[in-house]
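Kindly generate the complete structure, drawing on both the sequences and the hints.
So the protein lines, in turn, are chains A and B.
In this text, residue positions in the first sequence follow the numbering used here: the first is 845, and each later residue adds one.
In this text, residue positions in the second sequence follow the numbering used here: the first is 400, and each later residue adds one.
A portion of the hints provided could be inaccurate.
Cβ-Cβ distance ranges computed for the label pairs, FRET-style [as the list claims (entries may be wrong)]:
hint : chain 1 : residue 1 : chain 2 : residue 2 : range
1    : B       : A503      : A       : F910      : 39 to 47 angstroms
2    : B       : L568      : A       : P951      : 44 to 52 angstroms
3    : A       : Q919      : B       : P493      : 33 to 41 angstroms
4    : A       : S985      : B       : P483      : 47 to 55 angstroms
5    : A       : S954      : B       : V544      : 28 to 36 angstroms
6    : A       : S985      : B       : V544      : 58 to 66 angstroms
7    : B       : V572      : A       : S985      : 38 to 46 angstroms
8    : B       : A467      : A       : C991      : 24 to 32 angstroms
9    : A       : D1008     : B       : P493      : 18 to 26 angstroms
10   : B       : A556      : A       : F910      : 50 to 58 angstroms
11   : A       : H917      : B       : V572      : 27 to 35 angstroms
12   : A       : S954      : B       : L568      : 22 to 30 angstroms
13   : B       : A467      : A       : Q919      : 37 to 45 angstroms
Hint data in this document are derived by calculation from the structure and do not stem from the laboratory.
Since this is a predicted model, take the numbers as computed values, not measurements.
We treat Cβ as the ideally placed atom computed from N, Cα and C, and that holds for glycine.
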Amino acid sequence: MKPICSGRFDGLIESLSRGAAQLTSRRGFLSQCGLWLVAASSLPLLPVARRAQAGERPVAKPARKFASEFANHAQTNDPTRCNYWRYCASDGYLCACCGGGPHTCPPGTSPSPTSWIGSCINPDDGRTYLIAYRDCCGQDSCGRCACLGQEGDMPSYRPQVNNDIVWCFGASSMVYHCSSAGLVGLAE
Amino acid sequence: MRQFAAALALALAASIVSAGSPPAASGSNVPDIETRRSGLQLAPMPRTAQLYATNCQGCHGEFGSSAAEIPTLAGRVGYFTRIPEGRRYLVQVPNVALNANSDADIAAVLNWLLATYSRAQLAADFQPYTASEVAELRQARIDVVASRRRIVDALLAAGQIPSADTLALPHIVLY
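Have a look at this one:
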């Protein structure tokens, strides 16, 4: 066949493309291309185990086991987290994050002689315990682990059972540092 | 050591609040990081002790005495039952009269705390409060300070308290 192009470079390209056109089938190329496209897109549909890509699977939760919504998500092992079971009505900074414990004051502060007493459900045995929310007073606000539990919390016109107010009545200082949650007893 | 001390304190608290009724047969270990290893067992509190704990104890203390600002119950509150106005007063103080609990519960917790913290000071012929008595008495709204002063004077005049200091409230200077 007589080449159309006269230039050397154009002639080279022309002969290459004519060669390719004579040696390969266009329909064959299309069918191969289609095959790969379908294969690639249908591969993820195959029933292979993909748990690794699923990320952290939420642990099967007992659905609404307790009347208290807080207790349904509570734990009994880490007093530095808001969902520790005793904090169902704790409003403030956790003493456990401030150098104290769930029911001990950090050094330099003193426990208020007054507290307000609420009740929380322990998620492990499902029983209700009375908890004394006692503020530690005498140092500026701790500022760590702010938590807001509201079980049994009443508006401040019922101040005996309101957790928004500072419970340092009777302490040597009215300056609030953190909130503790002491076990008072087992409810009947 | 701290855990032991805490457990001891808790056990003590539990035994105090459940005083007056036999402890329930089966206590169970409290499933909590602080108490699991200590083996702390708690007996369920009687209902009246729970009522006291959730309504009074926060301020008046588990032993009936607390901060200076708050009137002491232990060894004192029983004196009020020795004259009729004093008996009425214990129901008519605002935090009793306006409490959200039922008349029967208020009567029960009053009788419980009088017997628990101040049995020796009760009137010789003390009759426990009844729900209907509480229902009637709690309707009244009193002037707490004037009422209390009148009652203490009357008790003193009748020779029912050793001295005016017996029921005196401390002078509080806040700031």
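Is the gap between the beta carbons of A503(B) and F910(A) within 39 to 47 angstroms?
violated (28 angstroms)
Quick check: does the Cβ-Cβ distance between S985(A) and V544(B) fall within 58 to 66 angstroms?
Because 35 angstroms falls outside the window, the suggested range is violated.
Does the Cβ-Cβ separation between H917(A) and V572(B) fall within 27 to 35 angstroms?
violated (46 angstroms)
Whether the CB-CB distance between S954(A) and L568(B) falls inside 22 to 30 angstroms:
holds (23 angstroms)
State, for the Cβ atoms of S954(A) and V544(B), whether the hinted interval 28 to 36 angstroms holds or is violated.
holds (30 angstroms)
With respect to the beta-carbon atoms only, verify the hint that V572(B) and S985(A) lie 38 to 46 angstroms apart.
Given a distance of about 25 angstroms, which is not inside 38 to 46 angstroms, the answer is violated.
Has the hinted range 47 to 55 angstroms been met by the Cβ atoms of S985(A) and P483(B)?
This hint holds: roughly 49 angstroms between Cβ atoms.
Distance restraint evaluation - D1008(A), P493(B), Cβ atoms, bounds 18 to 26 angstroms
The hinted range 18 to 26 angstroms holds for D1008(A) and P493(B), with Cβ atoms some 21 angstroms apart.
Distance restraint hint 33 to 41 angstroms, applied to the beta-carbon atoms of Q919(A) and P493(B)
holds (40 angstroms)
Between the beta carbons of A467(B) and C991(A), is the distance compatible with 24 to 32 angstroms?
With Cβ atoms ~31 angstroms apart, the hint holds.
Cβ distance range 50 to 58 angstroms for A556(B) and F910(A), holds or violated
Holds: the Cβ-Cβ distance is about 56 angstroms, inside 50 to 58 angstroms.
Given the hint of 37 to 45 angstroms, check if A467(B) and Q919(A) actually sit that far apart at their C-beta atoms.
Check passed, 39 angstroms falls within 37 to 45 angstroms.
Comparing the model with each numbered hint stated earlier shows that hints 1, 2, 6, 7 and 11 do not hold.
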